[in-house]
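Q: Line order of the protein sequences matches chains A and B. The first sequence begins at 1 in my numbering and counts up by one. The second sequence begins at 1 in my numbering and counts up by one.
No lab work stands behind these hints: they were computed from the structure. Please note that the accuracy of each hint is not assured.
What the hints assert, rightly or not - Covered stretches of chain B (in silico footprint by chain A; criterion: 3 or more residues with CB under 8 Å from a CB of chain A, positions within the stretch not fixed):
id	segment
1	84-92
2	146-153
3	201-211
Don't be surprised by glycine CBs; every beta carbon is placed ideally from N, CA and C.
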Amino acid sequence: MARTHGASEAERLQAASSTRNAWALSAPALILLFCAAAGPLLVVLIYSFLTAGPTGGVVWDFSTEAWVGVLYTRDIFDDGNLVLADAHLTIFWRSVKISILTTLITFVLGFPTAWFIATRPLKERALWLFLITIPFWTNLLIRTFAITEIIRNEGLLNKILLGIGLISEPLRIMNTDTAVLIGMAYVYLPLMVLPLFAAIDRFDMRLLEAGYDLYASRLQVLRHVVLPIVKPGIIAGSILVFIPSLGAYVTPRVLGGGKNMMIGNFIELQFGQGRNWPLGAALSMTLLLIVMLAMIFYVRAATKGGKSHG
Amino acid sequence: MAEKSFEVSRLPGFASIAILVFIALYLPICTLVFYSFNAGTTLSVWQGFSWRWYIEAWENDVVQAAALRSLQIAVSASFIATVVATMAALATTRRRAFRGQTAIYAFINQPLMVPEIVTAVALLIVFGVIKAWTGYQGLWYLILAHSAFCVPFAYLPIRARLEGMDLSLESAAADLYANPWQTFRFVTLPLLSPGIAAGAMLAFVISLDDVVITEFVKSAGQDTLPTYMLGQLRRTLTPEVNAISTGLLVLTVLLLVGFSLINRKKN
Numbered sequence: 001m002a003r004t005h006g007a008s009e010a011e012r013l014q015a016a017s018s019t020r021n022a023w024a025l026s027a028p029a030l031i032l033l034f035c036a037a038a039g040p041l042l043v044v045l046i047y048s049f050l051t052a053g054p055t056g057g058v059v060w061d062f063s064t065e066a067w068v069g070v071l072y073t074r075d076i077f078d079d080g081n082l083v084l085a086d087a088h089l090t091i092f093w094r095s096v097k098i099s100i101l102t103t104l105i106t107f108v109l110g111f112p113t114a115w116f117i118a119t120r121p122l123k124e125r126a127l128w129l130f131l132i133t134i135p136f137w138t139n140l141l142i143r144t145f146a147i148t149e150i151i152r153n154e155g156l157l158n159k160i161l162l163g164i165g166l167i168s169e170p171l172r173i174m175n176t177d178t179a180v181l182i183g184m185a186y187v188y189l190p191l192m193v194l195p196l197f198a199a200i201d202r203f204d205m206r207l208l209e210a211g212y213d214l215y216a217s218r219l220q221v222l223r224h225v226v227l228p229i230v231k232p233g234i235i236a237g238s239i240l241v242f243i244p245s246l247g248a249y250v251t252p253r254v255l256g257g258g259k260n261m262m263i264g265n266f267i268e269l270q271f272g273q274g275r276n277w278p279l280g281a282a283l284s285m286t287l288l289l290i291v292m293l294a295m296i297f298y299v300r301a302a303t304k305g306g307k308s309h310g
Numbered sequence: 001m002a003e004k005s006f007e008v009s010r011l012p013g014f015a016s017i018a019i020l021v022f023i024a025l026y027l028p029i030c031t032l033v034f035y036s037f038n039a040g041t042t043l044s045v046w047q048g049f050s051w052r053w054y055i056e057a058w059e060n061d062v063v064q065a066a067a068l069r070s071l072q073i074a075v076s077a078s079f080i081a082t083v084v085a086t087m088a089a090l091a092t093t094r095r096r097a098f099r100g101q102t103a104i105y106a107f108i109n110q111p112l113m114v115p116e117i118v119t120a121v122a123l124l125i126v127f128g129v130i131k132a133w134t135g136y137q138g139l140w141y142l143i144l145a146h147s148a149f150c151v152p153f154a155y156l157p158i159r160a161r162l163e164g165m166d167l168s169l170e171s172a173a174a175d176l177y178a179n180p181w182q183t184f185r186f187v188t189l190p191l192l193s194p195g196i197a198a199g200a201m202l203a204f205v206i207s208l209d210d211v212v213i214t215e216f217v218k219s220a221g222q223d224t225l226p227t228y229m230l231g232q233l234r235r236t237l238t239p240e241v242n243a244i245s246t247g248l249l250v251l252t253v254l255l256l257v258g259f260s261l262i263n264r265k266k267n
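Chain B with its partners taken away, still in its complex shape (with noise of 0.2 Å):
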């Protein structure tokens, strides 16, 4: 039987369609990568390889600015947005539907639906009109923004985490005379507890990622990564963008690694 046996799932040009689609998705990102090794200045001619533009990154006082401010929003952003989320998925889920349920659900998912230019218009003259009140210009209105709109990102983890939870183990531990909170504490929490690291982990990235929100409330001087590099791209470039890009996106990898990790353990 040389004959290759009739394949019903194969669809003609399919494969070679996803194959460049493929290398379609990843040819510019590679470029990018490949280009913040270039020791020349530009990024259409290649020098040889160096790490100099890692090391000029490095030594940009701005760029080191913006990197911390960029972590710290997005460590505060996750963890509030965590916090919270674990609390809403906690009253949203496993009990009697309530009325006001899907109002709570709908709200907290608000975020996912309204453009994020609106919002950030939205946030621009609120926080413009607090600013001017109190004089306050500091880091939080980045960190209250930025922790609204991980919610959602934070929520859905842990609520599909929750739904697919024994409620059995619970009823165990409240036989065993665990009062409510040892109940939780000891039973509940470590059962919940990868949907909360993944949940935590997306409300990361999400922050960490934001330009949009983030260009239209920062006060002057408060630039993040992204934004650092929203203005760069005005003008001549070098590879230092890509050197910032590229480090970006390893870390990127590295949570989405640790993401998948966790829910092949869950699984």
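Excised from the complex, chain A in its bound form (with noise of 0.2 Å):
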């Protein structure tokens, strides 16, 4: 009995010091994320409860406004009552129809890509998924580029459209919402494509003859089969797209030129020539925020999805 104790005592001993050694080994890497990532985190939530410094900056006195100013401006000429500021909101709007039309685009054509590449032969497959993360690890900013070539005025599209007479004058893509949408699907179509694949790839393709033999068509089989099992695959690849999306800097400055902002664009302005950090400061919350709540609504949507399909 004694001998027992003390060896569950002795278990018990050693498994502190393995916790405390996984906490010592882990200090490096949580003290470099506090520093230069979640640390800073805070001090914006600070910023945006201060006042707005007259040429940038701050002044260390506690304020609502920027919150307010997130969604209402001062009305000037009405004893500054609040109104609702048209022009926050159109950028709000604006960040998320381009997302969520991002998403859609991605979803439909990321799925038959990501059919297709997982019902290859098991030799040819690996080529195909190495196309597709290539684009993956590119620079964002190369690929945004690139497609600047093919959609702006003298482009790619142009020249073959007027070469075809399809258009008597080039079509002006550039320096739109239109181009900000096509430059997006562009360079986050890989993001899509991966986790679908991974769904796609582990569905068991028996399931489909098991369909055809129930005399279920093709689009029966694909909408009451199939769809449901790589459901979970469907929402990783949606978040993925969705959430980059929302926060974009780089594909909506250089292909939606300075009057196409997004709410990135519009948090950079604040720091920049629009000289409000604690406006700034309120939006990147709020942008957290957002990303925060679509995150669980991931995780819930995630782990309902894994319970009723095993």
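Take the two lone chains and join them into the complex the hints point to.
A: As structure tokens, this is what we get:
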């Protein structure tokens, strides 16, 4: 009795020391991330409750003005009453709209692509997958730049369309929402294809046979057999595309010009020409909040999907 | 039997869409590479093959400095990120679950969840204050920032490798009177090295590609290749940008090929 007690005591001590080791080993990573990633986010939160300095920066006076300013603006002609800031709402709406459309487009194009790769013979599959991974790892700026060479006024698209006589003067796509949308769909497509591929790759193709044996059409099989089972992959891909789209900075800056801003560019503006750091901080926190909500939705949807489909 | 058999997994139209997607993915990249060899000064009129823009980019002092800076940051950041990620991976795998393990895991992966622009703004504020206090304007701000966001990219492959490793080899070493350090040095580390190499490579690529955080953290005159290119995109473009892009592209592809070779060996 005493011996077993002693043994379990020793075991407990060993476990405790192993836990201490684990924390000690993780410490450098945690400290680095605290100093150069997570910690500064807290500072942003504090800055969002301060008063804007006259030439940028902040004055250390508590104020909720920045948070009010996310949605409202003061009417200078009417005693400074609060009115909804149309310019801000336009930017939010554009960001959400472009992000949702990007997710939809990448899904519609990405699903057949992932399916195609997953149904290749095993030897070929690695090559096709590699062809998706190259753009995935290629610098986002380079890919954005590459798509501008296609869609700008003297770009390849206009050259081809003019060449075959489909249009008589070049399409002016650059610096519009459409340009941003095309660019976003282009740069984020691999983020959709990879998780979809992972889900379809695990899919048991014999289930299709079972469906056809029961006289289901291709469309019915796709709708009622394939899509429910690969749903976790669809959710993962959508989140992976939607979240960076919402916070996009480079692609809208290069393709949208100065006027077609998204939230990311609007945040930058507050730290540059706008010179309203607290508003920039409050906007950053708002963006972070939306992303966190999307993430929670994802975790819940994924665990729910996991339960009902094993 | 001339009739083609009914292929279960074939869905009509899917293959054509997929082929079109692959063309759409590569056509812009190929156009970009193609015009980097243009002898003329524009991106739209082809005036014959030449290495001109590669030579101009190579001889451009600003580009040279930016390229060196990019490499310096990427090498330092991927080294730091890989070391701390390896330690953290050893801490969070292959032991009984302990309190706070999930928290450590979430904290390490945090840079993957926060939009880059938000981190960029946060670092702009904090490093701005430190810059004003200390007067130090050097490269370490960028190296630290890059190290931090590279940690999850280094951590995930190392962790995956550790989880797939056979514990019995290490207990065998311990049975043969190897002390914990010897066991780690001569058994664990060699087995883990493909994971570490893969993690370091991903961290390197991620650091080399970064635009947003670098753009916000850099002090005056600290352009890296991507931020230099971002600045150039506002001007009238010459194929020089294409040449630089192609160079980065080739480097990325080489690293990816190396990465997949390591992975293949593992399997």
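Q: Now tell me, hint by hint, if it's right for this structure.
A: To see whether the hints hold, each was checked on the structure:
1. Requiring three or more residues with a Cβ within less than 8 Å of a Cβ of chain A, the coverage given for the segment 84-92 of chain B holds, as 7 such residues are present.
2. Against chain A, the segment 146-153 of chain B contributes 4 residues with a C-beta closer than 8 Å to a partner C-beta. That satisfies the three-residue criterion, and the hint holds.
3. Here the segment 201-211 of chain B counts 4 residues with a CB under 8 Å from a CB of chain A, which clears the bar of 3, and the coverage holds.
Violated hints: none; the structure is consistent with every hint.
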